[in-house]
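Asker: Protein chains in written order, with the numbering used here: chain A, 1 to 323; chain B, 324 to 580.
Worth flagging that the hints you see were computed from the coordinates, not collected in a lab.
Just to be clear, a hint being listed does not mean it is correct.
[As the list claims (entries may be wrong)] List of simulated lysine-lysine pairs, DSS-like, C-alpha gap at most 30 Å:
#  : chain 1 : residue 1 : chain 2 : residue 2
1  : A       : K318      : B       : K577
2  : B       : K577      : A       : K254
3  : B       : K578      : A       : K317
4  : A       : K320      : A       : K280
5  : A       : K287      : B       : K577
6  : B       : K577      : A       : K320
7  : A       : K320      : B       : K574
8  : A       : K254      : A       : K280
9  : B       : K542      : B       : K390
10 : A       : K318      : B       : K578
11 : B       : K578      : A       : K320
12 : A       : K111      : A       : K141
13 : B       : K574      : A       : K163
14 : A       : K254      : B       : K470
15 : B       : K542      : A       : K254
16 : B       : K574      : A       : K280
17 : A       : K163      : B       : K577
18 : A       : K29       : B       : K578
19 : A       : K212      : B       : K556
20 : A       : K141      : B       : K552
21 : B       : K574      : A       : K317
22 : B       : K578      : A       : K287
23 : B       : K431      : A       : K111
24 : A       : K318      : B       : K556
25 : B       : K542      : A       : K111
26 : B       : K552      : A       : K254
27 : A       : K280      : B       : K577
28 : A       : K218      : A       : K318
29 : A       : K29       : A       : K111
30 : A       : K218      : B       : K567
31 : B       : K567      : A       : K287
32 : A       : K212      : B       : K567
33 : A       : K70       : B       : K470
34 : A       : K218      : B       : K556
35 : A       : K29       : B       : K542
36 : A       : K280      : B       : K567
37 : A       : K254      : B       : K574
[To be verified] Some but not every residue of chain A turned toward chain B, in silico, with C-beta under 8 Å:
#  : residue
38 : V128
39 : V188
40 : I189
For each residue, glycine too, the CB sits at the ideal point set by N, CA and C.
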Amino acid sequence: MSDKILVIGELRDDEVRNVSYEAIAAAKKIDHNAEIVGLLIGSGDIESQGQSLIAYGADRVIVVSHDNLKTYTSEGYGQAVMEVVNNESPTGIVMGHTSIGKDLTPKIASKLNTGLVSDVVDIEDDGVFVRPIYSGKAFEKKVITDGITFITIRPNNIPALEKDGSRSGEVSSVDVNITDLRTVIKDVIRKASEGVDLSEANVIVAGGRGVKSADGFKPLYELAEVLGGAVGASRGACDADYCDYALQIGQTGKVVTPDLYIAVGISGAIQHLAGMSNSKVIVAINKDPESNIFNVADYGIVGDLFEVIPLLIEEIKKVKVTV
Amino acid sequence: MNIYVLLKKTFDTEEKITVSGGRIEDDSAEFIINPYDEYAVEEAIVQRDEHGGEVTVVTVGDEESEKQLRTALAMGADKAVLINTEEDIENGDQYTTAKILEAFFEDKEVDLILAGNVAIDEASGQVGPRLAALLDIPYVSTITSLKIDDDTASIEKDVEGDVEIIETSLPLLVTCQQGLNEPRYPSLPGIMKAKKKPLEEIEIDDLDLDEDDVEAKTKTVEVYLPPEKEAGKILEGEPADQVKELVSLLKNEKKVL
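Isolated chain A, as found in the complex:
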């Protein structure tokens, strides 16, 4: 029997999330010869999105569309995935380590009586999976000793394959009876996702206590916008009510690995460093030259953020215009 890896894709605002393309690349890293079967779940006409998974490397795509799958619930999506898994009997499953991925995959693993290696940041030969532990203060390598290969991947760590619009593959629809949902989504209040999602952002501008007020976060949002990035925060800034806890980066809070992390007015407590120190390039802007954040920063500016950030915005605009 040849290998078949199911990639559970995710839609946001009817578009496939980037992490789902990365999941296809991850599936190919697990087994280059396996058939990669994409899966999209939602409601309405989502079949049209299937083609984009193929352009990023999937061999074929299965679509499950149902009125009860308009918003994610573990029960509804669980039923859809289990139906497809039972039909396809994949040898592996890959999904993004996103809000939905974290919620859904343990349930599927439990139903299948399998292990699950979550939050994978790298895949080595012979099925060795690398994942951060202790919020990135350490790493572990894990193998699966029994059952199918089942992983979730952290966004922004395993690069997606180059898009190839000329690839072709079948996009087929599967009817699933989604019933007896005990959990109902009454409403969704959009708060943080007006900009770029933190976990998938390539650039993060994060503020700490040094930002001094909720108003003080405004220049950070401007800078993030110019950079096409997201805004994050330290626990100190959240505790002081300058921003929502949803933005918190650290050991409690989100652990992020963007290409560029700009820490503004953040002193660099060990708990915060745990959440961001694996970022590829770190810039620190802080008044206090003794701040711990400078120990992990690639570049540091000692100065008043309210003076430095506007200058930085201007300078970046210049560079962006000349590109």
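Go by the hints and put chain B onto chain A.
Answerer: Below, chain B without anything else, positioned relative to chain A:
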């Protein structure tokens, strides 16, 4: 209401991590209740105080976990259960823990199970959802608000910063996210009372399980520390010059702009 809290002891967030002999060195480490589990303990107490009933804190761990269970009792939980796997299980994973908890809950009347959304050490976030699936009860992860009215629960869930308003039914498992509440500190009378509260210790034998029934499906083959970061460059000069240099470095040297 019969309320249960799944609790795990974790390294204190202040701890520096060292590795020796291919594993995390924990001999001299300070341990705490996993910070997300503190929200679960607090919420359990709040719900019990509102609806009546009893809060039982459960941990799958070793002898040392007793300290964190006592802390939860001092916060206000009524009973604690330590499922001590020290003698029986060397390398468990989330599959192992969920199967043990499934066996524990088999003969229990449960209305509500609360857990942390993730443990800050291994960070799998799997045990809660896995257990709910095994018990075939609904679950909602990363909740930031919980209101219970008879058998109906109204929940706010954090979805990467957005908020979902969810309605579901009891029995129910939830995992707790920052913002749900402000965990209380154990009071001195609380600490005194906690010493007299029941703390039951059981082993997997008592759950009619043996090691093979719960054998892990995954295995850690290596643990290591990330490479030390080299000291960075502090820029100098007038702010405008520093900013110019920074942008140039980010663009030309690091190629991130």
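Asker: Okay, which hints does this one fail, numbers in order?
Answerer: Those not satisfied: there are none.
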